[in-house]
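Participant: Single-letter residue listing:
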Amino acid sequence: MAGMTVIVRTIARLLFPFTFIFGAYIVLHGHLTPGGGFPGGVIIAASVVMLFLAYGIERAQKRVGFLHAEVLESVGGLAIVVLGLFGLLLGITFLQNVFPLGTLGQLFSAGNLPLLYLGVGIKVAAGLILIFYAMLFAFRGGEE
Amino acid sequence: MDFNYIIAMLLVALGLYCLLLKRNLIKIIIGLAVLTDGIHLFLISLGYRAGGIAAIVSGEMLSDLSGFAARAVDPIPQALVLTSIVINICIVAFALSLAIYSYRHYGTLDPSKLRRLKE
Amino acid sequence: MIPHAPILAIVLPLFAAFLMPVVGILARRRGIKRAREWFAIAAVLVELVIVVSMLPVVWGEQILVYQLGGWQPPWGINLAIDGLNLFVAVIVAGISALVVIYSFVCMERDTGLDQYYTLLFLILAGMMGVALTGDIFNLYVFFEIMCISSYALVAFRRKWQSIEASIKYLIVSSLGTSFILLGIALLYGMVGSLNIAHLAQKLPLEPTSAIIVPLALFVTGFGIKIAMVPLHMWQPDAYQAAPSAVAALFSGATATIGIYAMVRVVYTLFGAFAIGIMLAALGLVTMVLGALMALTQRDLKRLLAYSCISQIGYVLLGIGLGTVLGVQGGLFHLFNNAIYKTMLFMIAGAIIYRVGTSNMDRLGGLWKNMPVTAMLFGVGALAISGVPPFNGFASKWTIYVAGIEAGQPVFTIIALIMSALTLAYFLKALNSIFLGQRPTHLKNVKETPLFMLFPIVLLAALCVIFGVLPQLGIDIVRPAQEALMNSGGYISAVLGGA
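Line order of the protein sequences matches chains A, B and C. First residue of the first sequence? That's 1 in this note's numbering, and the numbers climb one at a time after it. First residue of the second sequence? That's 1 in this note's numbering, and the numbers climb one at a time after it. First residue of the third sequence? That's 1 in this note's numbering, and the numbers climb one at a time after it.
If you're looking for bench data, these hints aren't it; they were derived computationally from the structure. A couple of the hints might just be wrong.
As the list claims (entries may be wrong) - Computed cross-link-like contacts, DSS-like style, restricted to lysine-lysine with a CA-CA straight-line distance of at most 27 Å:
no.	chain 1	residue 1	chain 2	residue 2
1	C	446	B	113
2	B	27	C	159
3	B	22	C	159
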């Protein structure tokens with residue numbers, strides 16, 4: 001894939017930070033507003049895929065390689081499991097909240113929920129980029 | 001008032017039709033997506049309440065929790081649908097990957113032709 | 001019991017699955033050979049220990065209820081483990097452990113093993129989740145995890161057969177899981193709960209048309225997964241195209257999970273009213289068609305796939321009879337089927353590993369090259385056909401007696417005839433693979449590698465042990481049967497009398 005014209009590239013480059021931050025916002029405010037890890041992760045993945053389409057796969061691959069995505073996906077998954085194990089070790093059951101609850105409506109509140117959403121967001125974003133790669137290479141990669 | 005249930009079942013029927021009778025892999029996958037979306041619409045309609053509010057406690061709702069509970073929509077179907085959408089994305093992505101692979105390497109989107117190509 | 005064993009049994013394979021790519025990358029960087037394989041074997045053995053550690057508690061007439069996040073049922077998701085859950089979980093963990101050990105050699109010529117082991121552990125996590133959860137939507141989600149991983153495993157070798165089989169499997173099975181989701185949606189709309197015990201408590205006991213629809217959807221959905229005739233068309237293709245280790249896992253563990261889900265829903269949720277005898281009839285049809293189709297196959301793996309359909313028919317027949325003896329026989333047969341079917345697929349894999357084909361027309365006279373394998377195949381063939389003194393005889397005999405006791409002698413007669421047919425097609429397979437003329441190009445074929453032989457020998461030993469001591473098998477099955485027929489106990493244990 002060679003990439004597109006200079007207009008598309010410029011617009012994509014301009015849009016990328018906004019899309020990315022919007023995705024991050026949705027992920028981080030998952031416990032307060034509609035949305036959360038999955039929609040936010042999808043938006044982040046979409047911002048990266050937009051760059052892929054505009055600049056061509058070869059240039060994009062240097063920034064977000066297949067390996068990066070694979071490792072990030074594992075990290076996201078492991079983060080969720082480890083958070084659950086925290087509840088098991090420090091609390092009574094798996095996934096039980098062991099963090100301070102904070103005040104309702106604040107960003108730093110709701111115990112382990114924002115952290116869980118962060119894990120989910122990373123995993124979804126990396127996973128969707130992986131799926132995109134896998135389709136591009138028609139099966140060089142793994143599948144969820 | 002019951003339109004969404006009727007439309008949900010229509011979508012399910014449409015999806016089934018596509019899934020069972022089309023020979024093109026892409027159309028079959030679309031049928032699968034439509035079928036599941038019909039079920040999602042059905043599920044989400046179950047939790048709908050006319051004039052209800054989103055099931056998110058914030059600000060002024062805090063003081064009136066029982067009033068909130070009486071007005072809020074049922075959040076469980078929404079959670080179920082979200083989970084199901086995620087699962088469905090995985091299935092559709094995987095199916096599309098298979099379709100791409102089948103098309104690139106064997107030049108066909110008709111699953112029943114794959115066999116005839118090689119024998 | 002290991003503390004928190006129920007949740008650890010689900011989380012550990014998930015953890016291993018996510019860790020597997022990292023282990024693979026690290027091992028390649030450091031140049032450590034076979035790190036993934038040893039890691040996988042270690043993880044799966046720990047899993048087996050965790051599951052087995054729950055046995056004493058559950059066999060002591062106790063139902064383990066584990067609340068996730070500390071939420072009380074029916075509001076939170078909970079894991080509820082009675083005799084039946086644990087019976088299935090032990091089968092799944094045991095078979096998976098043997099399959100992972102078997103994969104060590106069987107898969108060594110393939111590339112992309114990171115993905116293979118990740119998918120294997122995802123499928124294990126899905127199966128454990130289905131086996132241990134007490135929440136119907138949770139069951140659906142884990143069922144889907146299991147299904148998606150299995151589509152990918154079928155397509156793993158990326159030949160045109162596997163792509164075609166995977167597409168077929170994906171379409172049919174997704175249709176089935178959509179039906180299950182629709183059934184859950186209908187139940188939720190009717191009762192407003194997702195906890196299996198809570199649902200069972202609130203659903204009326206007598207059949208009304210509103211209950212029949214979700215029941216039919218569930219039976220169809222799970223029926224597709226266990227390849228019940230007439231929903232079986234995906235299964236032979238998938239088993240043939242999948243790598244042998246994966247086919248062994250499917251036939252031993254995944255089919256067991258499908259049966260478990262169906263039985264749990266039919267018996268506990270709906271309280272086996274009119275469905276019982278229908279299940280038995282479907283089992284009968286499945287048994288007959290599977291056996292007839294198996295007779296004409298020329299490929300060993302395809303033959304085994306059809307015989308798998310036929311054996312599942314026996315299980316359904318036994319469970320569908322609904323008597324104590326019938327359910328005992330059905331579950332015992334499920335247990336035995338997992339043992340010898342896994343073993344036979346492993347032998348097929350060994351033949352493919354050494355010779356390169358499982359087409360029976362191109363094989364012959366292999367007993368001179370592979371005497372141990374030939375003997376083990378003989379044990380498996382006799383066990384599956386229900387010849388004493390192997391385990392298949394014990395469970396089939398129980399089902400025959402149960403059929404007569406339940407006043408259905410016709411079922412017993414048909415089952416007996418099908419047993420003879422099973423013997424016929426397995427003798428044919430034995431004859432064309434291991435006896436007869438040996439083609440000249442097969443002269444230098446060696447015996448199966450020891451590491452591959454180990455799980456097969458273990459399974460063969462189990463076949464003989466449960467054949468000689470059938471009472472031992474019945475003792476293992478009894479807690480599961482009692483749990484299945486005592487849905488009141490399950491409900492009160494989960495809801496705490498609430």
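Participant: Out of the numbered hints, which ones does the structure contradict?
Facilitator: 1
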